[in-house]
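J.: Next come the chains, spelled out residue by residue.
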Amino acid sequence: MSTKNIEELEREFQAKIDADIKIEPNDWMPEGYRKTLMRQISQHAHSEIVGMLPEGNWITRAPSLKRKAVLLAKVQDEAGHGLYLYSAAETLGLDREKSIDDLHSGKAKYSSIFNYPTLTWADMGTIGWLVDGAAIMNQVPLCRCSYGPYARAMVRVCKEESFHQRQGFEIVSLLANGTAEQKQMAQDSLNRFWWPALMMFGPNDDNSPNSAQSIKWKIKRSSNDELRQQFIDVTVTQAEMVGLTIPDKDLKWNEARGSYDFGTINWEEFNQVIQGNGPCNKERIDARRNAKENGAWVREAANAFAEKRKKKELTH
Amino acid sequence: MEYLTCNNMTTQEAFYSYIVRLGDDSLILGQRLSEWCGHGPVLEEDIALTNISLDLIGQTNNLYELAVLRENQGKNIDQLAFLRLEKEYENLLLVEQPNVDFGYTIVRQFFFDVYRKLVFEALCNSSDERLAGIAEKSLKETKYHLKHSSEWVIRLGDGTEESHRRVQEAVNTLWKFTDELFFQDEVDQNVIELGLGVDNSNFKATWNSHVEHVLTEATLTIPSNSWQHAGGRKGIHTEHFGYLLSEMQYMQRAYPNMEW
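So the protein sequences, as listed, match chains A and B. Mapping to the working numbering: the first sequence position 193 is 189, numbers consecutive. Take any residue in the second sequence, count from 1 to its spot, add 133: that is its number in the working numbering.
Watch out, some of these pointers could steer you wrong.
Straight-line alpha carbon distances no greater than 30 angstroms define the calculated DSSO-like cross-link-like pairs of lysine-lysine that follow [as the list claims (entries may be wrong)]:
1. A:179 / A:248
2. A:94 / A:306
3. B:309 / B:280
4. A:288 / B:276
5. B:280 / A:304
6. A:306 / B:280
7. A:31 / A:155
8. B:309 / B:273
9. A:155 / B:273
10. A:103 / A:31
11. B:337 / B:367
12. A:62 / B:276
13. B:220 / A:62
14. B:208 / A:62
15. B:337 / B:208
16. A:103 / A:214
17. A:306 / B:276
18. A:105 / A:18
19. A:105 / A:155
20. B:276 / A:308
21. A:31 / A:212
22. B:337 / A:62
23. A:304 / B:276
24. B:270 / A:62
25. A:179 / B:220
Covered by chain B, according to a simulated footprint, are these stretches of chain A (three or more residues, beta-carbon under 8 angstroms) [to be verified]:
26. 41 to 49
27. 151 to 157
28. 172 to 178
Every beta carbon over 10 angstroms from chain A, so not counted as near; a handful from chain B, in silico [said to hold, decoys possible]:
29. 319
30. 322
31. 326
32. 337
33. 359
34. 361
None of these hints come from the bench; they were simulated from the model. Don't be surprised by glycine CBs; every beta carbon is placed ideally from N, CA and C.
Put together the whole structure using the sequences plus the hints.
T.: In structure tokens, the structure reads:
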């Protein structure tokens, strides 16, 4: 194929994107587009699966039957999201097993937020409220992502995430309106999760090298800083509603911008956590690796059994 | 419901205990299964085990609600679930046994599911309409659980050498808790007489033949030592139970009298 042909294909591809025509698995796509998407979708899938752990940490200690059931259902939803995101990535040629091995070796990344510990029950509320809230901000635009399978997966994910966000906020408001001890528990939790939640949107736009290309390809539809600002503006109001204080002394309404100004994010902490040095990176990856290793004999048994049955069927 | 005295126990008290026991079985097994969440051998099984756990917690909720409705002993459903002492829980010893590995978890589930399906089938005809309704709903779930656990028993038993060894070991270890499934005392006698509860001695043979059938297909055997353990229905548990409770009750004990 001549260079001109590839240029032609790329032009046609971009024209489709510009016309908001979805790209489907069998369509021609630039290698960079495929790679970027594969990385993004598999990271997203890994985040869902690792994200089960901090909340899973409280299932056995949930304070009521109702909360136990809701939390179980929520974590189960996350496993489901992981499944269909892996499937979406497989349409691009991802090898699920290899990708999971990359996660376990530290090569593949996942959302930095899940490397923070869940220390109290209030964290179940805060995670739903802030973390799922931030995830929705990130993901709603992805429902319009140029890649069809990802966009469709996101539509379903977002529906469930908004239920998660509501149940999280419900837990937080109950605590905030509860006893002094409960209110303190909610405030402590907000103090610990606020800044890590803001980091979920990724580096500032000036330091986000892949963003421009992703926006051109409509893999990404808003910039990190835009989404972060949107999240802050919505969440500050919610915190006020329940009488909790956002732990940022620089937070101030800016009349001219119609948005909140806020303090500086500790990017050094963000980078350290991404590099594997967060409070729970090791625990999270160990848990996933152990699950895989301890389950090896089960998977082998299932395969061996399937083989035996196949042979039996052939001989009958 | 009218008061009748039989074995120094009113019908209401007996019915209450009967339903709470059913609920305790669901709760404790649901709690055990929920420990798997995020740690399953494959993602699909993580979801399946969590799903079963969720069904069991739902059953617990329905059963405790009914118990509280029929005989109010001053406890709401969460106090029943989280604020009793160890000896006040009357679940089967089988359901409190630790997960150990996927094989143990599946065998424990299988023994329980075969039994539970028979219980709920019979309870669909309970003279208490609401209990019959719960049984009907729970039966649907239990059939699915049983299908899942039976398939896995067969797969693991007839899978690899290692899986066969592991799952046979689980059968050997857990077998001693299976007689208790058919335990009866005055609670049962009272509710059987009134058609509220079921006579589980009627389906012991069915349970045995069902279990044997599946184990045979799985190339597994029933252990020759038939010495049996019991105590759960009288509130006498295994050592594992205290740890399960201290984890499960943590919030309600540490922060009493609060809404969550």
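J.: Tell me the hint numbers this structure goes against, listed in increasing order.
T.: 15, 22, 25, 27
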